[in-house]
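Going down the list, the sequences are from chains P and S.
Residue 78 in the numbering used here sits at position 78 of the first sequence, with consecutive numbering throughout.
Residue 46 in the numbering used here sits at position 46 of the second sequence, with consecutive numbering throughout.
Simulated from the structure, these hints should not be mistaken for laboratory data.
Some clues are possibly wrong.
As the list claims (entries may be wrong) - In the EDC-like style, the derived pairs of lysine to aspartate or glutamate whose C-alpha atoms are separated by at most 20 angstroms in a straight line are:
no., chain 1, residue 1, chain 2, residue 2
1, P, K73, S, E220
2, P, K73, P, E144
3, P, K138, S, D4
Said to hold, decoys possible - Residues of chain S clear of chain P, computed beta-carbon distances all greater than 12 angstroms:
no., residue
4, L13
5, D44
6, L115
7, V158
Positions of the beta carbon are idealized from the N, C-alpha and C atoms, including for glycine.
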Amino acid sequence: MITSSSSRPTQVLGWLSAVSLALTAVMALVISPPDVNMGDSVRLLYLHVPTAWLAMYVSFGVTTLASVLYLWKRTRSRFWDLAAGASAEIGVLFLGLTLLIGAIWGRITWGVWWTWDARLTTTAVLFVLYLGYLAVRKVPASPEVQSRRAAIVAIAAFLDVPIVHFAVEWWRTLHQDATFLSDRRLLDPQIGGTMAWTLFLGVVAFTLLYCWLMAHRFRLAWLEDRLADRAMQIAIDERRAEAGVGTGGAGTAGVGTGVAAP
Amino acid sequence: MWRDAALVAGKDLRIEARSRVGVNQVVPFALLVLIVFAFALDSDRNTLVAAGPGLFWVTVLFSGLLAIQRSFVIESDDDARDALRLSGLDGAGIFLGKAGAVAAQLALLEAVLTLGVIVLYGVQLQGPVMLLLTCVAATIGLAAAGTVYGIIAAGLRVRDTLLPLLVLPVLAPVLLAAARACEAALAGTPAEGWPWVRLLFVFATIYVTFGVVAFGPLLEEA
Numbered sequence: 001m002i003t004s005s006s007s008r009p010t011q012v013l014g015w016l017s018a019v020s021l022a023l024t025a026v027m028a029l030v031i032s033p034p035d036v037n038m039g040d041s042v043r044l045l046y047l048h049v050p051t052a053w054l055a056m057y058v059s060f061g062v063t064t065l066a067s068v069l070y071l072w073k074r075t076r077s078r079f080w081d082l083a084a085g086a087s088a089e090i091g092v093l094f095l096g097l098t099l100l101i102g103a104i105w106g107r108i109t110w111g112v113w114w115t116w117d118a119r120l121t122t123t124a125v126l127f128v129l130y131l132g133y134l135a136v137r138k139v140p141a142s143p144e145v146q147s148r149r150a151a152i153v154a155i156a157a158f159l160d161v162p163i164v165h166f167a168v169e170w171w172r173t174l175h176q177d178a179t180f181l182s183d184r185r186l187l188d189p190q191i192g193g194t195m196a197w198t199l200f201l202g203v204v205a206f207t208l209l210y211c212w213l214m215a216h217r218f219r220l221a222w223l224e225d226r227l228a229d230r231a232m233q234i235a236i237d238e239r240r241a242e243a244g245v246g247t248g249g250a251g252t253a254g255v256g257t258g259v260a261a262p
Numbered sequence: 001m002w003r004d005a006a007l008v009a010g011k012d013l014r015i016e017a018r019s020r021v022g023v024n025q026v027v028p029f030a031l032l033v034l035i036v037f038a039f040a041l042d043s044d045r046n047t048l049v050a051a052g053p054g055l056f057w058v059t060v061l062f063s064g065l066l067a068i069q070r071s072f073v074i075e076s077d078d079d080a081r082d083a084l085r086l087s088g089l090d091g092a093g094i095f096l097g098k099a100g101a102v103a104a105q106l107a108l109l110e111a112v113l114t115l116g117v118i119v120l121y122g123v124q125l126q127g128p129v130m131l132l133l134t135c136v137a138a139t140i141g142l143a144a145a146g147t148v149y150g151i152i153a154a155g156l157r158v159r160d161t162l163l164p165l166l167v168l169p170v171l172a173p174v175l176l177a178a179a180r181a182c183e184a185a186l187a188g189t190p191a192e193g194w195p196w197v198r199l200l201f202v203f204a205t206i207y208v209t210f211g212v213v214a215f216g217p218l219l220e221e222a
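Pulled out of the complex, with its shape left as it was, chain P reads as follows:
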């Protein structure tokens, strides 16, 4: 039985992600050149894109996949439910970071913290949807009910994402054109050389970070789950042990509890 969320492979993974993150930081802050148009603020790109990638594609992808696997009878196991929850937590955290970094960057390049363009709106809705998912996971019920309910909410949320995406995409093309330009230009593969490599390294580093966080968060959830299962057994064992002491001298045990009670 595992008693810690750490193990040799996760330690290696942790070091790998730490080293790659440090490398990304050096590449992003020192080696890569400032952008022609945006100057040094372009360096936020190396955080913004990898966190978004980690949250939206990796984390929520894993959550959705794990929820489907949980609902499918042949692969139903507690494992998938815990994996979905752990992944969603990491996803919400990094999506929050994405929004925060995006807002700072927007303030610098566009002059506003927030603008209602397609990508921002979809991301905000996604963020709230998964906050709701996490809230559902916390609602008390029997474990099986809780897991199945959460899995259905995850899938229903996932269904909504493409619809929201199309909706705001059209909304933009119908109403506003100008504000979105700078974002589009960035995400087109018009960047090259050092900048592209830094971005690539950033994505790799954050993917490693995700794997590391996920391993720890999942094991923690697994241990909590075990603990909840074992709590009753432990309590029974303790009672039995006390009773075992009690059979030696019923009088002393009685005095013991009598003293402890007040």
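Please arrange chain S on chain P, whose structure you already have, making use of the hints.
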């Protein structure tokens, strides 16, 4: 399935008609929201006319939340949900029935609110076909998605706060599409509105399908 749906919808609507909560509280609440918006926007006629479709759908959304909550409150009284589960009715039928009853109430609400928008905001109706189709698609979508999430939140101690948190982001595309379609219709530029109406129908289809498939298992454990 259809017979079950009609039975459940009939039951829900009869309960609503007899309790009069919808007429005495939800409809006045909706009108009140319209008036509060007018206060907030400084009762400037032009602003109100321009923002009319958006305010209309926000009001429908908020009042619709009440209707959805009511729809599951009546199931939690006297353990009616257990009776429903034991009744042997088809899960898909129960979903269609409950969503249908919510849709009927929303349609009524929309009719009253349309009058409200005309009288209070001075909006001129144009493009009736598109307005009607928008209302039909948006109502089905709201009712279907709301019912799916309603059953998830039903029977929970925290349902009054959990339901809006879950359902409002999900309904965001409906709000957006319905408001834009109505704007296009009222502005006399229907060509801009049709993509939105299509989106509303896509949304309604997806959530009706999802509800038909998922409602049985959800009801089992609610």
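Going down the list of hints, with the structure as the test:
1. The hinted pair formed by P:K73 and S:E220 meets the criterion: a straight-line CA distance of about 16 angstroms does not exceed 20 angstroms.
2. Pair hint P:K73 plus P:E144 holds up; C-alpha atoms about 13 angstroms apart against a cutoff of 20 angstroms.
3. Simply put, P:K138 and S:D4 have alpha-carbon atoms about 34 angstroms apart, too far for the 20 angstroms limit, and the pair is violated.
4. No beta-carbon of chain P comes within 12 angstroms of the beta-carbon of S:L13; the shortest separation is about 26 angstroms.
5. The beta carbon of S:D44 is kept farther than 12 angstroms from every beta carbon of chain P, the shortest such distance being approximately 22 angstroms.
6. Annotated as non-interface, S:L115 keeps its C-beta farther than 12 angstroms from every C-beta of chain P; the closest such distance is 28 angstroms.
7. At the 12 angstroms boundary, the C-beta of S:V158 falls inside the reach of chain P, the nearest C-beta of that chain being 6 angstroms off.
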